[in-house]
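Undergrad: If you want the building blocks of each chain, they are given just below.
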Amino acid sequence: MSNKVPTPDELSKIDYKPPKRKWMDTPVEFKPGTWCYGSRPKYLEAVGMPNPRDWKPSDEDWKLPENWKEIFLEGMEERLRKYRSFRLFMDICVRCGACADKCHFFIGSGDPKNMPVLRAELLRSVYRKYFTTSGKLLGKVAGARELTVDVLKEIWYYMYQCSECRRCSVFCPYGIDTAEITLIGRELLNLLGLNTDWIAGPVANCYRTGNHLGIEPHTFKNSLEFFLSDIEDITGIKIEPSFNRKGAEILFVTPSGDTFADPGTYTCMGYLMLFHELGLDYTWSTYASEGGNFGFFTSNEMAKRLHYKIFAEAKRLGVKWILGGECGHMWRLLNQYLDTWHGPADFLEEPVSPITGTKFENTKSSRLVHIAEFTADLIKHGKLNLDPSRNDHLKVTFHDSCNTSRGMGIFEEPRYIIKNVCNHFYEMPEDTIREKTFCCGSGSGLNAGENMELRMRGGFPRANAVRFVKEKHGVNMLANICAIDRAALPPLMDYWVTDVRVTGVHELVGNALVMKGEKERTVDLRNEPLTSKESKEE
Amino acid sequence: MGALLSLSTALILVLIAFAGVKEANLHFLFGAIIPYIAIITFIIGVIYRILKWASSPVPFRIPTTCGQQKSLPWIKHSKIENPSGTLGVIVRMALEVLLFRSLFRNLKTELREGKVVYGSEKWLWLAGLAFHWSFLIILLRHFRLFVDPVPASLHLLESFDGFLQIGMPRLFITGIILLASVSYLLFRRFYIPQVRYISLANDYFPLFLILGIGITGVLMRYFIKVDVVNTKHLIMGIFTLKPEIPEGVGGIFYIHIFLVSVLFAYFPFSKLVHMAGVFMSPTRNLSNNSRMKRHINPWNYPVKAHTYEDYENEFREKMKKAGLPVEKE
Ligand code: SF4
Ligand code: SF4
Numbered sequence: 001m002s003n004k005v006p007t008p009d010e011l012s013k014i015d016y017k018p019p020k021r022k023w024m025d026t027p028v029e030f031k032p033g034t035w036c037y038g039s040r041p042k043y044l045e046a047v048g049m050p051n052p053r054d055w056k057p058s059d060e061d062w063k064l065p066e067n068w069k070e071i072f073l074e075g076m077e078e079r080l081r082k083y084r085s086f087r088l089f090m091d092i093c094v095r096c097g098a099c100a101d102k103c104h105f106f107i108g109s110g111d112p113k114n115m116p117v118l119r120a121e122l123l124r125s126v127y128r129k130y131f132t133t134s135g136k137l138l139g140k141v142a143g144a145r146e147l148t149v150d151v152l153k154e155i156w157y158y159m160y161q162c163s164e165c166r167r168c169s170v171f172c173p174y175g176i177d178t179a180e181i182t183l184i185g186r187e188l189l190n191l192l193g194l195n196t197d198w199i200a201g202p203v204a205n206c207y208r209t210g211n212h213l214g215i216e217p218h219t220f221k222n223s224l225e226f227f228l229s230d231i232e233d234i235t236g237i238k239i240e241p242s243f244n245r246k247g248a249e250i251l252f253v254t255p256s257g258d259t260f261a262d263p264g265t266y267t268c269m270g271y272l273m274l275f276h277e278l279g280l281d282y283t284w285s286t287y288a289s290e291g292g293n294f295g296f297f298t299s300n301e302m303a304k305r306l307h308y309k310i311f312a313e314a315k316r317l318g319v320k321w322i323l324g325g326e327c328g329h330m331w332r333l334l335n336q337y338l339d340t341w342h343g344p345a346d347f348l349e350e351p352v353s354p355i356t357g358t359k360f361e362n363t364k365s366s367r368l369v370h371i372a373e374f375t376a377d378l379i380k381h382g383k384l385n386l387d388p389s390r391n392d393h394l395k396v397t398f399h400d401s402c403n404t405s406r407g408m409g410i411f412e413e414p415r416y417i418i419k420n421v422c423n424h425f426y427e428m429p430e431d432t433i434r435e436k437t438f439c440c441g442s443g444s445g446l447n448a449g450e451n452m453e454l455r456m457r458g459g460f461p462r463a464n465a466v467r468f469v470k471e472k473h474g475v476n477m478l479a480n481i482c483a484i485d486r487a488a489l490p491p492l493m494d495y496w497v498t499d500v501r502v503t504g505v506h507e508l509v510g511n512a513l514v515m516k517g518e519k520e521r522t523v524d525l526r527n528e529p530l531t532s533k534e535s536k537e538e
Numbered sequence: 001m002g003a004l005l006s007l008s009t010a011l012i013l014v015l016i017a018f019a020g021v022k023e024a025n026l027h028f029l030f031g032a033i034i035p036y037i038a039i040i041t042f043i044i045g046v047i048y049r050i051l052k053w054a055s056s057p058v059p060f061r062i063p064t065t066c067g068q069q070k071s072l073p074w075i076k077h078s079k080i081e082n083p084s085g086t087l088g089v090i091v092r093m094a095l096e097v098l099l100f101r102s103l104f105r106n107l108k109t110e111l112r113e114g115k116v117v118y119g120s121e122k123w124l125w126l127a128g129l130a131f132h133w134s135f136l137i138i139l140l141r142h143f144r145l146f147v148d149p150v151p152a153s154l155h156l157l158e159s160f161d162g163f164l165q166i167g168m169p170r171l172f173i174t175g176i177i178l179l180a181s182v183s184y185l186l187f188r189r190f191y192i193p194q195v196r197y198i199s200l201a202n203d204y205f206p207l208f209l210i211l212g213i214g215i216t217g218v219l220m221r222y223f224i225k226v227d228v229v230n231t232k233h234l235i236m237g238i239f240t241l242k243p244e245i246p247e248g249v250g251g252i253f254y255i256h257i258f259l260v261s262v263l264f265a266y267f268p269f270s271k272l273v274h275m276a277g278v279f280m281s282p283t284r285n286l287s288n289n290s291r292m293k294r295h296i297n298p299w300n301y302p303v304k305a306h307t308y309e310d311y312e313n314e315f316r317e318k319m320k321k322a323g324l325p326v327e328k329e
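Chains as they are written, first to last, in our numbering: chain X, 1 to 538; chain A, 1 to 329.
Think of the hints as simulated: they come from the structure by calculation, not from any bench.
Hints are supplied without guarantee of correctness; some may be wrong.
[Unchecked claim] Short derived list, chain A residues pointing at chain X, Cβ under 8 Å:
id : residue
1  : Q69
2  : T231
3  : G277
4  : M319
Just so it is clear, CB atoms sit at the ideal spot from N, CA and C, and this is done for glycine as well.
Throw the hints in and build the complete structure from the sequences for me.
TA: Listed below in structure tokens is the structure:
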């Protein structure tokens, strides 16, 4: 049912010149391919969110509750009281425009309301009207406007064209984080039942089954077992991981996407192989079977409700600490939110690598270790037998994920790992990596099918940088540490770049890892032939 | 529209002061009462704004990390761009406030033949920095009118500022920098289409106001000379709470001081509060240490969650069949 996406040639003709008409007088236009379907009532009911009903964003009538305006404004007042960030960001923007051309959605669409500053002004104008004296008195002159249904629709449209990547906040002289504003904006919309189906569905699934995809416990176990037979075919090694096992030392939590679809599944195989090789005393959980959290794209409370299971499961199983897999927004939450929501994690122990004895001092309170920290430490201590030439058929570049970059700062660990497991690694241009990295265009629950044009537009700057290293160095593999990237980047590459595939870092580790007692490998984890020694010498 | 409105407002303000003093002889109003009201509004207003922000807590630790986190000991930690403790935060904030670190990152994004290219774009940073610093120095220089005798540090500042040694009275370089940078900031609001598109009357108005203040100041110092002794007398009067209006203080002075008063009174109600707000920005003034030390949310409340018990109750049979351990048989 997805809309027809224009060709790359058509799409890359972007006009950055804003229209003549002023933005407040320009009504919102719901362009096909740029928005997601409205949430179905069953999903909202499943978690007790307000105003469940059938609705379409393109409908004239959104079936809002009668007192919708009151609800919205009261919600706003409450959040102004609860979040200094929100109140401050409503007040101090000077409209200098430094953030304007930093947003990938603006770069890819030219729509002026996709400039972070204007995205925020959509909400700020309502704030001025109802919460500031000058706005009340002077109205439009002071940049204030009435909250009407059309304004609400406009806010909805643009709150769901922000992937909450925080790139704008890096460049803002006051650190104004439009992602924070959009998160709160979405929270307000959710008070009226205005979620997208693509977010509400995973939330409902996750609440019941523990993961976004709604995988039930037995199926979760089955899908991992499926990978085990693949691993056995490739390496000759039989692996038997444990599930929901009490008394394990470590609980491993990762996004469910990796257990479900290519190419994330290969990353998952990488984890399984690494842990087996180390003889790690760890367990999977079918209950805490999701590290990601689409609740975060709904409301803070929903996020907190979904992430309850992580510490709860660690406590029930009596593990010592938690190891987290490769995921973007999961790690922003594990780094900046989880311990505040559900801590203190005093039932856990300060994490120590059982292989190297390294104490992970940086997580001595929340006791959550990122797998890239864990693996980098192993490599540094020489605990892994690696043959990077098994990745010689790959020319790799690394995409920093938004959340792990700007909400954590894990830059060197994955690079260190890649350089140790691959011989060919090339960085993308400096202005497109690390804290300045570009979003895949599909973060924060925008990775649906019906908004494909938006995703291709949003991913344009990232794709452009990949194309650059492809042309310059022949790069054919785009590595990352995020499950949404692994789902979102392949279509982006096919659309803009072609012949560049996408991998998790631990897939590369799995390829290079020389396991005790393995048979000679002829194929990589994707069952594709390795470059043979002979052909390399030619 | 917004620009025109702001310009005319600023011009009307000039006329009001001029007419008020020249025609209506309201010297005391413009020379004493209005400045008092302005100063009081400024102080109370800014304090109110700060308290208002401070009254909302910081529930989560959300710094925008712009460098390598502190993790393993052998990985080089970016102590300033991604601080893990108070010292790092202080340095990060100092760079932000004194040198506009984030603005220095500014890039210009352009599309050339289907390719996105990034160029360095430092003009905004330069003009912003030049403007704020010259404004500050000029403000400090004015203290020579508030205190008697003039402290040595002010003499020193003046001799730096007037290092060019041109003309009599000596030319202060900051005056020129201020006028040039404000003009540039105004110019870019008109010239850059995106910036023009987002600009509100509130964005033009302070620029026109400051331009007016700068121009009247320069006029007074170099061209339409005012009686410095009497002017100082008047200003000292205000600051010692014994206001008097001496003879012979020119009309231009009243325009100048009126515009300054408007700026001060307008300050707390406008975006100009960014001056105080920048110190409170949670994406900049927090360290990224929430895994090392638990951050407390004062309004944290228990939420309804799906417990393991609920989960097992629903899936027990399937779990048993799949050989997964269960709590209750
Ligand atoms: S960079 Fe910051 S202050 Fe400037 S327009 Fe953007 S949000 Fe506003
Ligand atoms: S957070 Fe990212 S997507 Fe949202 S406005 Fe800022 S740059 Fe754009």
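Undergrad: Next step is simple, just say for each hint if it's right about the structure.
TA: Here is how each hint holds up against the structure:
| no. | hint | result |
| --- | --- | --- |
| 1 | Q69 | holds, 4 Å |
| 2 | T231 | violated, 33 Å |
| 3 | G277 | holds, 4 Å |
| 4 | M319 | holds, 5 Å |
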